[in-house]
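Going by this note's numbering, the first residue of the sequence shown is number 410, and it counts up by one from there.
These aren't lab readings, by the way, just hints derived from the structure by calculation.
Check the hints yourself; a few may be wrong.
Claimed, not checked - Keeping only pairs whose Cα atoms sit at most 27 Å apart, straight-line, the calculated DSS-like set for lysine-lysine is:
no.: 1; residue 1: K530; residue 2: K421
no.: 2; residue 1: K475; residue 2: K578
no.: 3; residue 1: K561; residue 2: K421
no.: 4; residue 1: K561; residue 2: K530
Said to hold, decoys possible - If you anchor each label on the Cβ, the simulated ranges turn out as follows:
no.: 5; residue 1: T607; residue 2: E523; range: 27 to 35 Å
no.: 6; residue 1: L412; residue 2: A616; range: 22 to 30 Å
no.: 7; residue 1: N485; residue 2: P516; range: 33 to 41 Å
Everything numeric in this text was worked out from a predicted model, so none of it was measured.
Using N, Cα and C, we set each Cβ at its ideal position, and we do this for glycine too.
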Amino acid sequence: MELAPRYAPELKVVGAWAGAPAADLALVPPFADGSIFAGGLGYLLNGVGAAYPELVPGLTGVLTDKGVNLVSRTQNECVGETVMRFGFRHYQQYFTADVAELINSEPLRTVLNEQRIGTLKPTAPVFIDSNRFDPFIPWGGARQLALDWCAKGADVQFWTNEQPPFLNKLAINNLLPYFVDGEQGMQWLADRFNGLPTTPNCTAIPA
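Between the sequences and the hints, there should be enough to build the whole structure, so can you do that?
See below:
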């Protein structure tokens, strides 16, 4: 959304609905570890390798044999396959060093920071929807995204889905808002196409 003016300046973007946005990838691994979407780590590592090929030797050097297999398998897998193969796995078995230290040290820290969403101002209204107990994409990251965009003067409405935690390793609270809040999101987008006024809540984003 915030990059639209750069790569698609010819488009007239009227608004964007963001459900559980992974605005800060550095926050995700501790939540995803041991969850049904644990294999998503492979997507992250493959993405980093594709965007920053100079880092591949260093990343490969801290992978165990299981880690090499994870990266290789997920390079050409769809989500369903990855869930079946790597669901509920814990991350430490894939690395020769402490996972938290790897994420918070160079070069990964700089790379993940470069991928962080919220550094540019969206040119159209945005509706952000996040479950407070999301076990996969943390609510705090989505809230910070709203605050960052609000600080830049963007038109932001932040909605917190308060459905209580349920079978969190299945990431139900990550998927639930799409169904519970889907109608609200579709109506919000329809209102943007119809030119109706927005209802930003930058001054009342919940803590």
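Hint-by-hint comparison with the structure:
no., hint, verdict
1, K530 to K421, "holds (16 Å)"
2, K475 to K578, "holds (21 Å)"
3, K561 to K421, "holds (20 Å)"
4, K561 to K530, "holds (6 Å)"
5, T607 to E523: 27 to 35 Å, "holds (30 Å)"
6, L412 to A616: 22 to 30 Å, "holds (29 Å)"
7, N485 to P516: 33 to 41 Å, "violated (25 Å)"
Hint 7 alone, counting from the list given before, is not met by this structure.
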